[in-house]
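Each chain is listed here by its residues.
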Amino acid sequence: MSEKKSSKVKKMRKIIAALQVSVDGFIEGPNGELDWAMAEDEETWKDLFEMLESVDTFILGRVMYPAYEQYWLAILANPAGILPVSGRIASKNEIAYARLADKTPHLVLSKTLDKVAWQTTRIVRDAKEIRKLKQQSGKDMQVVGGATLVSSLMNLGLIDELRLMVNPLVLAGGKALFKEVKERHALKLVRAKPLKSGKVSLTYSTNPE
Amino acid sequence: MRKLFWQMNVTVDGFMEGPNRELDYTAQVLDKDFDRYATEMLESIDGILLGRVTYQLFAGYWPSATGQDADRMNELPKTVFSRTLQEVEWKNSRVVQENIAEEVVRLKQKRGKDLALFGSADLASTFIRHGLIDEYRILVTPFVLGSGMPMFKGIKDRLTLKLLKATTWSSGVVALCYQPA
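Chains as they are written, first to last, in numbering that gives the first Met the number 0: chain A, 0 to 208; chain B, 0 to 180.
No lab work stands behind these hints, which were simulated from the structure alone. Treat the numbers as computed from the prediction; the structure is a model and nothing was measured. Yeah, the Cβ is synthetic: ideal placement off N, Cα and C, and Gly gets one too. Any given hint could be a false lead.
[What the hints assert, rightly or not] No farther apart than 25 angstroms at their CA atoms in a straight line, the calculated lysine to any residue pairs in the SDA-like style are these:
no., chain 1, residue 1, chain 2, residue 2
1, B, Lys161, A, Lys133
2, B, Lys164, A, Val189
3, B, Lys155, A, Gly31
4, A, Lys178, B, Leu158
5, A, Lys178, B, Ala174
6, B, Lys161, A, Lys110
7, A, Lys110, A, Lys133
8, A, Lys192, B, Phe33
9, B, Lys155, A, Leu18
10, A, Lys45, A, Ser204
11, A, Lys192, B, Lys155
12, B, Lys2, A, Pro193
13, A, Lys192, B, Lys164
14, A, Lys174, B, Lys152
[Stated by the list, open to error] Some chain B residues judged to face chain A by a derived CB distance under 7 angstroms, without partners named:
no., residue
15, Leu144
16, Gly147
17, Leu162
Okay, chain A solo, but in the shape it has when bound (with noise of 0.2 angstroms):
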């Protein structure tokens, strides 16, 4: 395909974007619900493990930063604990996922935040910053999320793959994952894989040939 065109050329590493999403296209429902997203689903987590190897940086917003961080925080701190917002115990994946992130470092971009608890985090005050990290070498880096970041990288053209992982509801309501994207983008169907749960994991590249 295209990636023999020439062998000088190094192939940059790309940003995937990879969230879980409803039917109808909703990160979270009308009252900011993620049950559906976050019940356990040993396929969910084999998709996302496999997609990490390649990853060496996870990106996410200023909005979805602190949840992620006191959820994760707190699994590793006590492993064995009672969780916030799910109210249950982690499963050995949400553990062995606590320790692959503790490791890996994170990006949050916010012109606003001024501190994280978490040694692996570094703010990020510029979208240009991204850019010049995705210039370097490197590994994949992936977008956790939330919606607003998505929308602003799509809109700065800095997503090159979306995997977005369609749960079997609708959600009627909530946030949109693209909601400020500001124009159309044609995609590439990269994969489409149904798993056993009812979930299709999709696949596609923002930059169709």
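Given the coordinates of chain A, assemble chain B onto it according to the supplied hints.
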């Protein structure tokens, strides 16, 4: 009772039309895989249900179209649900103005092949509220629009689905098929 399925083209972000009612991206759907699907699908039904807007769009296109699928579209009995439409000229069409749910139940109870609802987002939300849809066929075209007309525009409550099938077409469309859980 026979099955009523709702088939619609949507973007990855769940819109049936762009912010200015654009539909041009749905041309993406039209490849050999779609043709094969459409021909089989049209053989599996013996009635079409439509809302006014989709009816008018179809009535302006199909009567002058040619080919096997066009012949079938023109032959199949069509029921249009509208309070305002006075007359229908497209072959084998009729208007139902009230008691929508009762009429759909009556149609479903008749013996025959499946029934199809195409597009018609407003009507679909009424059908969903009455529990009349037995299958969702969501043809996801590879576009993100950011805004437009959502496919589930009139639904207030969460709807849990069961995945029946996910098929990939050469155009990059993913045909997602669900039934109510």
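A quick look at each hint next to the structure:
no.: 1; hint: B/Lys161 / A/Lys133; in the structure: 39 angstroms, violated
no.: 2; hint: B/Lys164 / A/Val189; in the structure: 18 angstroms, holds
no.: 3; hint: B/Lys155 / A/Gly31; in the structure: 15 angstroms, holds
no.: 4; hint: A/Lys178 / B/Leu158; in the structure: 21 angstroms, holds
no.: 5; hint: A/Lys178 / B/Ala174; in the structure: 23 angstroms, holds
no.: 6; hint: B/Lys161 / A/Lys110; in the structure: 42 angstroms, violated
no.: 7; hint: A/Lys110 / A/Lys133; in the structure: 20 angstroms, holds
no.: 8; hint: A/Lys192 / B/Phe33; in the structure: 19 angstroms, holds
no.: 9; hint: B/Lys155 / A/Leu18; in the structure: 23 angstroms, holds
no.: 10; hint: A/Lys45 / A/Ser204; in the structure: 21 angstroms, holds
no.: 11; hint: A/Lys192 / B/Lys155; in the structure: 29 angstroms, violated
no.: 12; hint: B/Lys2 / A/Pro193; in the structure: 24 angstroms, holds
no.: 13; hint: A/Lys192 / B/Lys164; in the structure: 10 angstroms, holds
no.: 14; hint: A/Lys174 / B/Lys152; in the structure: 14 angstroms, holds
no.: 15; hint: Leu144; in the structure: 5 angstroms, holds
no.: 16; hint: Gly147; in the structure: 9 angstroms, violated
no.: 17; hint: Leu162; in the structure: 4 angstroms, holds
Checked against the numbered hints above, the structure violates hints 1, 6, 11 and 16; every other hint is satisfied.
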